[in-house]
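Participant: Please put together the full structure from these sequences, using the hints given.
Number of protein chains: 2
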Amino acid sequence: MDNNRHDRIRAVQWQGDHLRLLDQRRLPSEESWIACREADQVTTAIRDLAVRGAPAIGIAAAWAVALAALREEPLAPALSRLRAARPTAVNLMWALDRMQRHIDAGANPAALLREAQAIQDEDLAANRRMGELGASLIAPGSGVLTHCNTGSLATAGFGTALGVIRAGTAAGRIDRVYAGETRPWQQGARLTMWELMQDGIAAQLIADSAAAHLMKSGVVQWVIVGADRIAANGDTANKIGTYQLAIAAKYHGVKFMVVAPSSTVDMATGTGEEIEIELRDSAELLGTGGVRTVVEGAQAWNPVFDIAPAELIDVIVTERGVIERPNSIAMQAMFGC
Amino acid sequence: MDNNRHDRIRAVQWQGDHLRLLDQRRLPSEESWIACREADQVTTAIRDLAVRGAPAIGIAAAWAVALAALREEPLAPALSRLRAARPTAVNLMWALDRMQRHIDAGANPAALLREAQAIQDEDLAANRRMGELGASLIAPGSGVLTHCNTGSLATAGFGTALGVIRAGTAAGRIDRVYAGETRPWQQGARLTMWELMQDGIAAQLIADSAAAHLMKSGVVQWVIVGADRIAANGDTANKIGTYQLAIAAKYHGVKFMVVAPSSTVDMATGTGEEIEIELRDSAELLGTGGVRTVVEGAQAWNPVFDIAPAELIDVIVTERGVIERPNSIAMQAMFGC
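First to last, the sequence lines map onto chains A and B.
Residue numbers for the first sequence follow the working numbering, beginning at 10 and rising by one.
Residue numbers for the second sequence follow the working numbering, beginning at 10 and rising by one.
In case anyone wonders, no lab produced these hints; they're calculated from the structure.
Do not rely on the hints blindly, as some may be mistaken.
[Said to hold, decoys possible] Now the in silico label distances, taken between C-beta atoms and shown as ranges:
#1 A/Pro96 <-> B/Val228: 46 to 54 Å
#2 A/Glu39 <-> B/Pro118: 51 to 59 Å
#3 B/Pro118 <-> A/Leu288: 52 to 60 Å
#4 A/Thr280 <-> B/Ser271: 21 to 29 Å
For glycine and all other residues, C-beta sits at the position ideal for the given N, C-alpha and C.
Facilitator: Dropping the structure here:
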């Protein structure tokens, strides 16, 4: 498979003495980079969504810890601020826990830099593996719908759900790609469409609310999404709108695939009911691109994740393997201690 | 019921010698009016969405015919251009057919003006009646979710689905209102939130893709929407996203109500499969407020209506009465010739 043709973007780049982040808030109109020379600059970039996507957040945070060590900043408060930057993505906690274990074992800055590099390299390798595993499930000539951005921009590279789409396209299994715009931040519209165009994969944008009508028209056989946290029973937290897609997919007999590295699996969380859903500022819904679109004084409810219950998920793909019809037993068998 | 407290907006106003239309493209930032002194100005306003909402389109078109007669314009081409302005809304065809019958019977301009006024007055009366009928089905203390704008802006006044919400709020049956933003035109965000604030009804805006998560949280008992066309079996064409809401409502045991005047019922259309779905310019998805948000060269699929099948609809409310669990037999009994 010539995957490289479809994989040219790297949004999180270590530059020897600082971290370089592609500012995803400015895409697609501008390719602007943020040079982070202190851990708190990374914290700010995570909180303000300059870097987003659960795996990319974890990788950036790992580099931030190494950066703090290199600069001889106090590590405990730096980690604590990083941990608080985004509550839902478990990869952030996973990466920070992993760095913390090395700190506890007395790792020097060079060792922490090696660990951050390892986290990044492993993520890329996991994505390529998931791409193969996921693509192998898709019948040739299929159409797929994805949500949010789960690509190179959201990971070390290649992507999770978008990695399956890259691999499936390269293998000739996928020949139609649809992307939901993903209100309110428009990650699908702004980022996924940009990324797919950069990498030469033809795609069509749809309004999020057009997904069921698209499924009814028969042109998509799979919905493929990423995850921000997967509970021990397979319930999956992901970008708001994922739940609605899972319900509509079930109604139409369209298959539903979740693609995420095993670092996204949180066996300490029993079910989706226990997952904290991040509520963000209503201002994100009340205007677009800095322009107020809703009457002054209006209120909005802005949850940015929801939970697709395991019973609506046909398959969870991680780098460790594929779980069909996920439930607690199958999850325990693959991810239990 | 003190409905007047919640009903102060009139978007289509005959001014004795011209038609005054509230330009809905400029709301909520600006209350700007278009003075139409020729029928083709109304045609343009309908095509370009300055006036929108199936009943309001029909009323504006009726006034346009009267205006053409008053100005001694040739009537046949004016009607033909009006008819082509929007394909999905059956009310447009219904109103034009009604005006055509009067033209065929030799009506003079004064008689055509009276007929347009009658169409407008009957729509307002129908909306008040539907408001009562619909509200009576809602248990006190309920929460509701609506989509698009179906209010005074979309009708002669009071509204269809929003009329039920007005009446239900006045009667103390509804105490929580949620409105989906309704991409891509944002009628929910721009128009419904504005209209509800004008009329003193508290509401919260949600992203369209947050609807299923909202239903799961248990705060809404009804989804209440309007219609652009109702087929002879009860299948309902309405704003894109309606179908997805109907599927999610069924999944959660939330009731689904369609509210529309009988002029929206098209007994000549057997099922939803026969209804033409308007596809609009992909540019509507590729930018917001004139600002390009998606990479140059990207493609989009932009259907602006979809079909909620009758089996997902709990009740259809028209001014003639309520049909529970709609099907061909019940529809024929109420709307058959």
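Participant: Is the hinted range of 46 to 54 Å satisfied by the C-beta distance from A/Pro96 to B/Val228?
Facilitator: 22 Å, violated
Participant: Does the Cβ pair B/Pro118, A/Leu288 satisfy 52 to 60 Å?
Facilitator: 58 Å, holds
Participant: Please test the hint of 21 to 29 Å on the beta carbon pair from A/Thr280 and B/Ser271.
Facilitator: Given range 21 to 29 Å: violated, Cβ gap about 47 Å.
Participant: Evaluate the given range 51 to 59 Å for the C-beta pair formed by A/Glu39 and B/Pro118.
Facilitator: 57 Å, holds
The structure fails hints 1 and 4 (numbered hints given earlier, in ascending order).
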